[in-house]
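Novice: Chain U is fixed; fit chain Y onto it per the hints.
Residue numbers (our numbering), protein chains in the order written: chain U, 1 to 340; chain Y, 1 to 338.
Treat the hints with care, as some may be off.
[Said to hold, decoys possible] Examples of chain U residues lying across from chain Y (beta carbon under 8 Å, computed): (1) D189; (2) A194; (3) H216; (4) I218; (5) L257; (6) S260; (7) G265; (8) P284.
No lab work stands behind these hints: they were computed from the structure. Note that beta-carbon positions come from the ideal geometry of N, C-alpha and C, so glycine has one too.
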Amino acid sequence: MSENAPLLQVRDLRTHFGTGPDAVRAVNGVDLSVDRGEVLGIVGESGCGKTVLALSILRLVDAPGRIVSGQVLFEGQDVLAMRPRALTALRGRDIAMIFQQPKASLDPVMRIGQQIAEPLRLRGGRTRAEAWREAVELLGAVGIPNPEEKARAYPHEISGGQAQRVMIATALALKPRLLIADEPTTALDVTVQAQILELLRERCRALGTALILVTHDIGVIAQMADRVAVMYAGRVVENAPVARILGDPAHPYTRGLMRSAPVMGAVQARLQEIPGGIPDLTRPLRGCAFAPRCDGRRQAGPARCDGQTPPPFIPAPGREARCWLQDGAPAAQPAPAGWS
Amino acid sequence: MSAALSPARPGGAASRVPLLRAAGLVVRFPVRAGVMGRPKAWVHAVDGVDLTVQAGETLGLVGESGCGKSTLGRTLLALRRADEGSVEIEGQRVFELPPAKLKALRRHAQMVFQDPVASLDPRRTVGSSVRMGLDLHGIGTRAEREAAVAQVLRRVGLRPEHAERFPHEFSGGQRQRVGIARALVLEPRLLVCDEPVSALDVSVQAQILNLLKDVQAERGLGMVFISHNLAVVEHMADRVAVMYYGRIVELASREMLYADPQHPYTRALLAAVPSPDPAQRGGVAAPAGEPPDPARLPSGCRFRSRCPLAMPRCAAEEPPLLDLGQGHRAACWAARGA
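The shape of chain U in the complex, shown without the other chains (with noise of 0.2 Å):
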């Protein structure tokens, strides 16, 4: 493959729970992709379908979930297609993954240096002494104070803070090529949450790993992703950078998400409202799944919102939206049959 190859590439990704005509389609055709060393961020609200698309991207979706269809390229390799013994190798040293509680994610009886130092050796070979001294000094670059001392801790006896950092030293220990953090900060208190968000991005830059950011927080998209990609009902309905999707956003539900939420600094007698609430993802979606909710709707015409689902459309190179307002930009993909 090409050097200018994207590092991942996800095409036409479909998740369902359960199955036949009850089926939750969490993620409903999903297309993007990352670069090398690139932070892209998935924001979106609760049910949009974001953490599952990040769980399907390493085949860690439980049953009854099931990845229905698609492709997730990574290095041109076919992550759906692999073998067991492929996906263990890709799994932790290629693609790593942190999650949003930090402790639940840690060995509650396994030193903490030794949870670190385990992928080390099992995976990278190092002895189990060579893997120790190598954990400690993963906990110093993660700012953990005195890392030789906390090595030896259980995670109980670590804050929430120390925990997501400890987590971050484990998913970068072998320095993967790409890292998806899914909702890294949301349980941490504020200035925890600023430290962290600074130390990932420290620790990818300095390793050249991608990161995939899913968060809920507009101020997280903005401080640390390249480009993001908005979800909303199983689907991505706008990806470009992150200038434009804060500054002059495509999509009606972008401009909802960026408009709805207070601005500290910025202070307005009323906020602005996105009316209604998300649709039931069991019924099949007919057209946009936003247009029940959508102030663009009369203007693109209610019959084409309601009774047809937009492709992405391109508005500008860079830029993709899938909203019927955006017609007469070039198309990326003619939406395929079947699509409802």
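Specialist: Coordinates of chain Y only, in the frame set by chain U:
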């Protein structure tokens, strides 16, 4: 109506009595109980808090997890007792009231919780949950209660027929509307909202914040709005109190607190909020170090272990909430004019 609630106000200056006043409030929890259950240490969840709320005013209460803001909120409504200090609602000292009087007072001092699911009985219809307060207080006839429930449901943006449904049939935002309806049906004059939008998505959060602001303005409610989200508090509050380990460390009008914070902890909190402008990246001055063990706070100022301005006096003497003028108060020896 308020005259009927407290006919004899101390001092007689009815208009001067604040809706809510807390003085010297302390709530502590024992930790590491030894043999015979003797506490070996105490965590002061609330450690000497004074505050007032006037009718029609929203006091924002902001701080990080474990700072005691939820415990303070519950204590203000006498949902738990204080170990020291007093709370007065419309001039009545709530911890000294006999049960019947406290119950009567509670009607007018209601709470909205973060998780309306946990506070709604899953086997009761929503209408019945909303009506329960009216039933308990014996307000009106059955028909009047039903009418009041229908009216309040409409006010919070639900339909009267929603009264027949059960909590699981509602989305998170709708459940919070039910939680607000349940508080409003009793026509409170004081509302304590504890993280009312923290469990909600941002598009729904805007709906609930607008609703709370609207009903507050309509009814002239006094409100205590507790949140860890500084942007939400700025949107909602007239005055803001910042809590750190049980203490109010800064108290000011919203404008002054956000434009000219005087306590280093407030500054750190504000600086840590990620800016939604990608042009302003990084360089965040997050406070150094980890939050201290609440059972072993530093001597003197409890923030000094993380404070960039700490000086010898901070270890020796705990700064009181100093008056900096114009209602701006900060517990810091380095504050302007302190």
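Novice: Does A194(U) meet its interface restraint, that is, does its C-beta lie within less than 8 Å of any C-beta in chain Y?
Specialist: 4 Å, holds
Novice: Just to be careful: measuring from the Cβ of I218(U) to every Cβ in chain Y, is the smallest value less than 8 Å?
Specialist: 5 Å, holds
Novice: Is the shortest C-beta separation between G265(U) and chain Y less than 8 Å?
Specialist: With a minimum Cβ separation of about 7 Å from chain Y (threshold 8 Å), the hint on G265(U) holds.
Novice: Classify the hint on P284(U) as holds or violated, based on whether any CB of chain Y lies nearer than 8 Å to its CB.
Specialist: Violated, about 20 Å.
Novice: Take the shortest C-beta to C-beta distance between L257(U) and chain Y; is it under 8 Å?
Specialist: Nearest chain Y Cβ about 6 Å off; hint holds.
Novice: Holds or violated: H216(U) as interface residue toward chain Y, Cβ cutoff 8 Å?
Specialist: 7 Å, holds
Novice: Take the shortest C-beta to C-beta distance between S260(U) and chain Y; is it under 8 Å?
Specialist: Hint holds; S260(U) Cβ to chain Y Cβ min 4 Å, cut 8 Å.
Novice: Identify whether the interface hint at D189(U) stands, where standing means a beta carbon of chain Y within less than 8 Å of its own.
Specialist: 4 Å, holds
Figure legend: structure checked against the earlier numbered hints; the only hint not met is number 8.
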